[in-house]
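**Student:** Take a look at the letters that make up each chain.
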Amino acid sequence: MNAVTISDPVLAVRGLKTHFFTRAGVLKAVDGIDLAVARGEILGLVGESGSGKTVTGFSILGLVDPPGRIVEGSIRFAGRELVGLANEELRQLRGRRIAMVFQDPSTTLNPVLSVGDQMVLAVHAHERVSRSAALARARELLTIVGIPSPDARLAAYPHQLSGGMRQRVAIAIALLHRPEIIIADEPTTALDVSIQGQILFEIRRLARDTGVALIWITHDLAVVSNLADRIAVMYAGRIVEDGAAQDVLSRPQHPYTRGLLDSVPGDAPAGDLLPQIPGTTPSLLTLPPGCSFRDRCARADQLCATMPELTATAAMAHVRCHHPVTAA
Amino acid sequence: MTSALLQLTAVSKRFSRTLDAGARIAAWLGAGEGAQTVRAVESVTLAIAPRETLALVGESGCGKSTLGRVAAGIYAPDDGTVSLHGAPVMSVAKRPRKITTKVQTVFQDPFASLNPRMIVGDIIAEGPLAHGLVSRDDASAYVAQWLTRVGLDASFGTRYPHQFSGGQRQRIAIARALAMQPDLLICDEPVASLDVSIQAQVLNLFLQLRRELGLTCLFISHDLGVVRHVSDRVAIMYLGRVVELGATAEIFAAAQHPYTRALLASVPRLRRHPGGDAGFKPIEGEIPSPLAPPAGCHFNPRCPMATDRCRAEPPELVRVGVNRQVACHHAPSTTP
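These protein sequences, in sequence, are chains A and B. Quick note: the first sequence, position 93, residue 156 per my numbering, numbers continuous. Quick note: the second sequence, position 118, residue 317 per my numbering, numbers continuous.
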């Protein structure tokens, strides 16, 4: 197996398969992926709807509900196997050593508790400290994530805060127990451009200062290009390409990555037709054998009817393609 | 501009919360908050020339969608006039109605804008039938023609919206708007809810149809990359006012309003060229509540150039070049 090899990763996922057993058939949302994140590193997990990026995050957090189930593979966190771990043990890790931030802060925060109360609850979920000590920690973290006048915000309810402030509170809650890794699923997608810019700026600083590892799940290539150290691109449940962020974005090797980058307005002269990827993402219920992208790929031939292996192209860079794009 | 296809003159739109009896009594006793009014659009004057695409750009709450709906004849403006080919878009009455079919809209969310209980053929044919653009006998051929035109199979007319993906639904929404044979198409964030690869397909369809049909467009978007690609001119909005207006290429090359400059700088860019600077600068602060916008220039609390004058006197939108307007006391070409 061509696993991603990082010396001493915080988290290492190998051969992970998460399938959903629906009435219509087996939906292979995640179908054999390898990932690793080192301390202080930001990994951008990029893909379109249905690529399996969110299910990957949920699998790591142990939050996959029936009819979904991890059917194969291993998730090692700090030397410990998470697949098959009892719920209670997972709960001990979640929110303490593995934290999460979701897309919509207006649904992840409790609307009937003040910011201070829910932060104290989050502290007490894993630690027995006094309320005043918990509040002091909450206050400190609100300051760290760039919230002005934290004392006033501790008393505020979520509806009194703007979307950007709510997401900062959610990030502060994620940081309460100094986790080793944060899994963030589209955390800035619901925010305005100027607020997204502020949060990306803070996150980059936090990862640098605290050494927390991050998996940043997003559909937005421009966001990860400014944030991630490494990028993994997902398509139809598999990673089709990974590598250093700059390499993947400036010299994409998989035709899908290349197509995605080309179809973002920016390089083509204004008003010209954009280079587009034809067709749509295939249904995960009826994936044909071989490369899942071949029906939309200009480079596809008979060879692509067999599944390409994830092949190393450089140190910690891989591509899953029989005909990778080599020239710039 | 005398040859304008769409002319908005000093258009304002306000939304007030109607108070219930309890709140009215509380307000009378001095305890409640009283009626709150959002000035969503404040005295905006814009013209769109035939075959031109004007983009309305801004963040949430800036009034761009409201302005689009005023232009589309969905909302009647509280002040000012909207005219298409010199004729009003809405009737003058206590409850004004849209009186033209020549403006049509494509909305952001194709999951909400298509009636789930109607088949696609009926969705597309409903308007043209009601307005006598097509006879009942010719309706199915007419629908098939538009479905083909937007890149869908002519046989899809008998299916329901839930049988289509987001990209396909947005094509159906475009077909529905174009089947009314409009002169002006208003696109309110038409690709914002689509995946990147599908977004390019829908944008290409839009570019193609615009050229083939000679459409004039008001394109509302928060995505500066998309706007730069599809529009001829851009109007930047902030809290209900247009702060900068000009040719797209000029604005992207040399923005004059501090907000436009900050907005352009805060957009994350793809790092496509090795060694290039991928950095971006966030804007300080947040957008103030539109219920209580700051006095003077609305941008002054976040503006690095703000002075006492900016806190007192709202800047007018003034002409600073051919077809270029800026509302800033300190814009390079307005300061002496």
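Each hint should be verified, as a subset may be incorrect.
Just so you have them, the derived chain B footprint on chain A, three or more residues with Cβ under 8 Å [said to hold, decoys possible]:
| no. | region |
| --- | --- |
| 1 | 192 to 198 |
| 2 | 293 to 302 |
Just a few of them, taken from the derived set where beta-carbon distance is under 7 Å, the chain B residues facing chain A [as the list claims (entries may be wrong)]:
| no. | residue |
| --- | --- |
| 3 | Ser392 |
| 4 | Ser396 |
| 5 | Ala399 |
| 6 | Leu404 |
| 7 | Leu406 |
| 8 | Leu408 |
| 9 | Gly424 |
| 10 | Pro481 |
FYI, nobody ran anything at the bench for these hints, they're computed from the structure. Computed from a predicted model, the values in this text were never measured in an experiment. Quick reminder that beta carbons are idealized off the backbone N, C-alpha and C, glycines included.
**Student:** If a hint holds in the structure, say so; if it does not, say that too.
**Tutor:** Structure-based check of each hint:
1. 192 to 198: The restraint on the region 192 to 198 of chain A is violated, since only 0 of its residues have a Cβ under 8 Å from chain B and three are required.
2. 293 to 302: Result for this restraint: violated, n = 0.
3. Ser392: Not OK, violated: Ser392(B) not within 7 Å of chain A, min 10 Å.
4. Ser396: 4 Å, holds
5. Ala399: 3 Å, holds
6. Leu404: 10 Å, violated
7. Leu406: 6 Å, holds
8. Leu408: Nearest chain A Cβ about 12 Å off; hint violated.
9. Gly424: The hint holds - Gly424(B) has a Cβ within 7 Å of chain A, the shortest such distance being about 4 Å.
10. Pro481: 4 Å, holds
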